[in-house]
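Enquirer: Listed below are the residues making up each chain.
There are 2 protein chains.
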Amino acid sequence: MIKATIITIGDEILIGQIVDTNSVSIAKHLNRAGITVAEKISIGDTATQIEQTLRRALDSTQVVIITGGLGPTKDDITKYTLAKFFASDFREDEAVAHHVKTMLEARGIVYNELNHSQALVPEKCKVLFNYHGTAPGMWFEDKSGGIVISLPGVPFEMEHLMEDEVMPRLKAHFSLHANIHRTMITAGLPESMLAERIADWEDKLPPYIKLAYLPAPNIVRLRLSAYDITDEESVTAEIESLFAQLNEIIPQHIVGFEDASMQALVHDILCQRQLSLATAESCTGGAIASRFTAMAGASAYFNGGIIAYANEVKCNILGVNAKDIEQQGAVSETVARQMAEGARRAIGSDYAIATTGIAGPTGGTKEKPVGTVWMAVATPTRTITSLRNCGTDRGQIINRAAAYAIEMLYKELKNNINK
Amino acid sequence: MIKATIITIGDEILIGQIVDTNSVSIAKHLNRAGITVAEKISIGDTATQIEQTLRRALDSTQVVIITGGLGPTKDDITKYTLAKFFASDFREDEAVAHHVKTMLEARGIVYNELNHSQALVPEKCKVLFNYHGTAPGMWFEDKSGGIVISLPGVPFEMEHLMEDEVMPRLKAHFSLHANIHRTMITAGLPESMLAERIADWEDKLPPYIKLAYLPAPNIVRLRLSAYDITDEESVTAEIESLFAQLNEIIPQHIVGFEDASMQALVHDILCQRQLSLATAESCTGGAIASRFTAMAGASAYFNGGIIAYANEVKCNILGVNAKDIEQQGAVSETVARQMAEGARRAIGSDYAIATTGIAGPTGGTKEKPVGTVWMAVATPTRTITSLRNCGTDRGQIINRAAAYAIEMLYKELKNNINK
Chain A
290 MIKATIITIG DEILIGQIVD TNSVSIAKHL NRAGITVAEK ISIGDTATQI
340 EQTLRRALDS TQVVIITGGL GPTKDDITKY TLAKFFASDF REDEAVAHHV
390 KTMLEARGIV YNELNHSQAL VPEKCKVLFN YHGTAPGMWF EDKSGGIVIS
440 LPGVPFEMEH LMEDEVMPRL KAHFSLHANI HRTMITAGLP ESMLAERIAD
490 WEDKLPPYIK LAYLPAPNIV RLRLSAYDIT DEESVTAEIE SLFAQLNEII
540 PQHIVGFEDA SMQALVHDIL CQRQLSLATA ESCTGGAIAS RFTAMAGASA
590 YFNGGIIAYA NEVKCNILGV NAKDIEQQGA VSETVARQMA EGARRAIGSD
640 YAIATTGIAG PTGGTKEKPV GTVWMAVATP TRTITSLRNC GTDRGQIINR
690 AAAYAIEMLY KELKNNINK
Chain B
290 MIKATIITIG DEILIGQIVD TNSVSIAKHL NRAGITVAEK ISIGDTATQI
340 EQTLRRALDS TQVVIITGGL GPTKDDITKY TLAKFFASDF REDEAVAHHV
390 KTMLEARGIV YNELNHSQAL VPEKCKVLFN YHGTAPGMWF EDKSGGIVIS
440 LPGVPFEMEH LMEDEVMPRL KAHFSLHANI HRTMITAGLP ESMLAERIAD
490 WEDKLPPYIK LAYLPAPNIV RLRLSAYDIT DEESVTAEIE SLFAQLNEII
540 PQHIVGFEDA SMQALVHDIL CQRQLSLATA ESCTGGAIAS RFTAMAGASA
590 YFNGGIIAYA NEVKCNILGV NAKDIEQQGA VSETVARQMA EGARRAIGSD
640 YAIATTGIAG PTGGTKEKPV GTVWMAVATP TRTITSLRNC GTDRGQIINR
690 AAAYAIEMLY KELKNNINK
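Sequence order for the protein chains is A and B. So that you can map any letter, position 222 of the first sequence is 511 in the working numbering, and since no number is skipped, the others follow by simple counting. So that you can map any letter, position 305 of the second sequence is 594 in the working numbering, and since no number is skipped, the others follow by simple counting.
No false leads were mixed into what you were given.
Pair ranges (Cβ atoms, derived):
(1) B:Glu-412 / A:Ile-673: 47 to 53 Å
(2) B:Gly-608 / A:Lys-415: 54 to 60 Å
(3) B:Ala-505 / A:Lys-432: 35 to 41 Å
(4) A:Ala-376 / B:Tyr-420: 53 to 59 Å
Derived, one-sided and incomplete: chain A residues facing chain B with beta-carbon distance under 10 Å:
(5) Ala-316
(6) Arg-396
(7) Pro-444
(8) Tyr-598
Hints listed in this document are in silico derivations from the structure and should not be mistaken for laboratory results. C-beta: ideal position from N, C-alpha, C; glycine also.
Using the sequences plus the hints, can you model the full thing?
Expert: Structure representation (structure tokens):
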């Protein structure tokens, strides 16, 4: 089994100033190719810590991928630390120098000493040419036989180098077996009840297939993983047949496969059945529309949405009755219902989702505390409503309210299919 | 200096199935209290790897915080591994058992053997009572004097335990000094030019104050950090005076402080000046509205928005001229302009932002390739427009278009203030 360590460098990670998404993307690339990530480590911009971590990573894994610390400023020390680690002098790479100069000139940036330093590379590395940025990637071969790859921390540049340079070279360098991961999405059973229901099935899994439970609000994902597989086809078939067995045990709880989100399931149904959707959002403030429009092809069914924060927008554009807002409050069943129906009408769609609630941190009352959200789904034949408490933190409330509302729509669509 | 290691456990992190945000939040908590995170490590659900990593972490740091692997199912092994590591038997915690039972009953879930196992805790730990979930946190004291804390992986539960249990206990246990981080946001100078401009200032920084450059699209953040400081007040004042010096060197490039995003800067201006905002989004599909409504207090100025995906919505609700769409295309300067002006009118606001573009992956042409985005800002006195190429990937295009449009609004607001 070829194992890898991912090392992300930067004090901003250790003080919690940024969320590290680079290592997620690198892990996906490696896994897809059959390289197993044994460990992910984040450390600061300190030479001794980089050297120690690198040494330890090379002792236990054959591939080490490092991101960050390749910028032109003084706090970027990765390149110099790697040169020292591999006892390498520097040389100027002409192709990189030319590229950096051209790139900066196109953006109207003066080429200076600091930029020039980006074209200096350790003699002992292969340069991974970075078309999208000024810091090249580097590929070192350690005397242990291990490979050390250094990539810039800018996500877009890192992604380009992983795809176009790193993965083709790793595949050529190692003889790789497959890592297989398949995920089934279940809904309606909490983790402990699900585990009880499928306990016999779980006990009979072969030792080379590992089961993981991944609980999330409203759903539990079940992942089957097999690592370092030479006969990919037969193990994939085996995993498929294991999932087919689950389909006998918990048929009504299986809602999808792989990492599809609830909105992706709705997306598929609306596309297949050529139905259209509109949104009317108050407390979720565009989060529901964003989830749909983030998916390629959303324009096939998503006509549009109204974010009705002010009451005037609820009344003037969605046609909510001002008197109802006055008497029942903007966060009420009748307003949620009128918003959904108003969105269907104003935007012209088959289905519409609406939310109105108190996202906080202020605005809560004893009767309607922060987190109270009314949601509604309007369909061609009826409008349904639901009241949910979505938590206490603003971000959490927005996310949960969006997730619950989309789930309501999903169930209603499934209902209509099954009829 | 009190140092910490954060260990996140779960194969889902190593195969890139989830983004780890828990460690970000834990790092923030620790830093704020003056505990320096030396390393963050993600490993799989394997007992030997957990034990080895824990041993190593205790060798170099005094605090180890572990998240994940506390669920009721067989793949959750953290609790059993920790009990073995500390050579501890299990006992049943009555308070936890009662809490789990009550919580599950309220949700209509059958209490079974698996749930019962959640009330079993190692004898040698202090229980950190988890009001929001069924898995309690655990606090161990190692014979080395180090503290090992195990928390559930569900973000909301982890957050509650960090805030209400872990931080008060750590503050009581250690005599802590301060970590100070201050961030200045600059715009308009790329990293290399900025570094050149402030080189003299950077050279004169005292050795206990560390400078970091954090480049992002359109902006570069400058962070000054000082660790393990006994005289917090005087070092904070020193950092403030260093930033005041920068204000002499690059006055026109400083746009804000701390981790404020461009939308937070706009948020502040709109609140201070009691101005209101509306959005009209096509390709960004709610992303702009979401960025504003995610901030507490947005309802003070954000009246609402129209997500105009279908052309009918652009015409019927925003009053865009159908003939212009036909002749110039939906992605055109005139449509962006009419959308912004239409949103101001339909929603009733002082300012409005609009976007219309091709988010891809399909729909591009030679003249208007994927990534082409027209954006407009309508103000009480004029409407300005801008054409930007926002990249090639759908997610990237949506994010950049949102960022550019908000930046346009920011500049326009600044302009109007300065006049």
